[in-house]
Amino acid sequence: MLQRHKEQAILSGDPHVAKSFSRVQAAYQQDLTKTSRHATRPFATHVGLPPADLSAALGSLNLDNRKPLDETLQGRPVSKSIPKVVKRDQRPAAPPLDVVKGHVYTQLREQDREAERQVRERLQPRIPKDVTDDQAAIIEKRLRDHAFEAILGTATLSASSLQRLRPNTWLNDEVMNFYAEMINTRAKLDKRPLHCMNTFFFEKLSSVGYTEAKLARWTKRLKLDIFALDKLLIPINHDNSHWVCAVINFKQRRIEYYDSLTDPDRRYKVFKTLRGYLESEHKEKKGSPFDLSNWRDQFDPNTPKQNNFTDCGVFACQTLESTARGRDLIKEKFEFNGNDMAFFRRLMLVEIASGELGKRPWGT
Amino acid sequence: MSDAGSPSNAAEVKPKADDNTLNIKIRATDGSEVFFKIKKTTKLNKLKNAYADRVGQDPGAIRLLFDGQRILDNATADDLDMEDGDVVDVLLEQVGGSC
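Residue numbers (UniProt numbering), protein chains in the order written: chain A, 1 to 364; chain B, 1 to 99.
Extracted from the complex, chain A is given alone in its bound form (with noise of 0.2 Å):
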């Protein structure tokens, strides 16, 4: 109500304001005009509706409701800011043009990437927090099948070891060899140079021995050449209780040891391991010596720890999965942290049961 009378006011007073009020009543109405082609032309063209339809369309789509304008200007605040004036030699000298420029570039580039960063982080899929309802299906389905067998290769997963994968439940061997056999199935699909040894080999090499475990023969029967590999992946079993998981980097000469538990400098050990490992095998396949004089034992602390005593099985599956996949742990860190494992036991079970891994959207 206020805002009318001032209008009135300045319609009836001034004739310098009743000047400038109509320049803003022809520019408004300009826009109107602007507002409604707009409108309509998109709609023509995105809707692809037959001429005949079309006006039809839009009489129902009643476009043309604008209101009088000065029932569109009540509200409208006026501007009352008045820019100051400085004379032109009091104005602070402008900096030289290329410095500007160099300046203004610059900024736009830092703003380009920084909106490119942040619309690729929102396009970027987040690990989903329980599988979708068709899977979940599968999943109540092969929990409740009391026959249930999965084998895939050498590997074979029985319906009390599927139990394992209910929450709060250890894993066992069956779970993480399968999980093993998948990863070395999609990666001679892939034609990625990788193996994943199954959890028994570390055992064996570790308790009996390279020689005494005749570990040579384990590798000529997978007709594998470890040293042309990019990478070769190790489950480990610590003391009947704890899953962890080692890489021997090849292409990277490091050893890295993944551990969700604080590592009671167990790591230590399977570093020493794990080198002996590798110079027997060269040994023995090579029939030379193996130089391990630049390769580095690579642990990170402050990786992703399970919140629970039940989920480094599930850890250990993931890293050797994401690892297999190609994402280089150290440098670009992990997808998943410990609230995201009962989420994986539920994608473990599906994976098993169909016997391949599933898409990770959001890996990368």
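No lab work stands behind these hints: they were computed from the structure.
Every residue, glycine too, gets a C-beta built ideally from N, C-alpha and C.
There may be inaccurate statements among the hints.
Computed cross-link-like contacts, DSSO-like style, restricted to lysine-lysine with a CA-CA straight-line distance of at most 30 Å [said to hold, decoys possible]:
| # | chain 1 | residue 1 | chain 2 | residue 2 |
| --- | --- | --- | --- | --- |
| 1 | A | Lys223 | B | Lys43 |
| 2 | A | Lys188 | A | Lys286 |
| 3 | B | Lys39 | A | Lys129 |
| 4 | A | Lys272 | A | Lys283 |
| 5 | B | Lys43 | A | Lys220 |
| 6 | A | Lys188 | A | Lys359 |
| 7 | A | Lys285 | A | Lys214 |
| 8 | B | Lys25 | A | Lys285 |
| 9 | A | Lys223 | B | Lys37 |
| 10 | A | Lys223 | B | Lys25 |
| 11 | A | Lys251 | A | Lys269 |
| 12 | A | Lys251 | A | Lys286 |
| 13 | A | Lys214 | B | Lys43 |
| 14 | B | Lys39 | A | Lys223 |
| 15 | A | Lys223 | B | Lys46 |
| 16 | A | Lys191 | A | Lys285 |
| 17 | A | Lys359 | A | Lys223 |
| 18 | A | Lys331 | A | Lys269 |
| 19 | A | Lys214 | B | Lys25 |
| 20 | A | Lys283 | B | Lys25 |
| 21 | A | Lys101 | A | Lys129 |
| 22 | A | Lys214 | B | Lys39 |
| 23 | B | Lys39 | A | Lys305 |
| 24 | A | Lys251 | A | Lys272 |
Here's a subset of chain A near chain B, in silico, CB distances under 10 Å, partners left out [what the hints assert, rightly or not]:
| # | residue |
| --- | --- |
| 25 | Asn168 |
| 26 | Thr169 |
| 27 | Ser260 |
| 28 | Cys312 |
| 29 | Gly326 |
Restraint ranges, calculated between C-beta atoms of paired labels, are given here [claimed, not checked]:
| # | chain 1 | residue 1 | chain 2 | residue 2 | range |
| --- | --- | --- | --- | --- | --- |
| 30 | A | Phe334 | B | Thr29 | 25 to 35 Å |
| 31 | B | Ala28 | A | Leu292 | 27 to 37 Å |
| 32 | A | Thr169 | B | Gln57 | 20 to 30 Å |
| 33 | A | Phe309 | B | Asn49 | 55 to 65 Å |
Please arrange chain B on chain A, whose structure you already have, making use of the hints.
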């Protein structure tokens, strides 16, 4: 029941060794060894059950490995190209959740 050469009670046994049978040594991680004589065409879950019986273990917790590969229940010695005197590793189920 004893070791080398002598037929075992539970495994598929033939008193006389011929082309169709093999002597297989089952070796545990602790170094203990048990010998079995098996038919080349016998499903090897029989061997697993016989071993489990011998050592008093649950067959469900026993893993037989030949050259590092798990022996599937319905595989035969023929399938795996086993030869006379070959060694089969026996390991027990491994579990883990925390330290």
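- Hint numbers not upheld by this structure, sorted from lowest to highest: 3, 21, 23, 29 and 33
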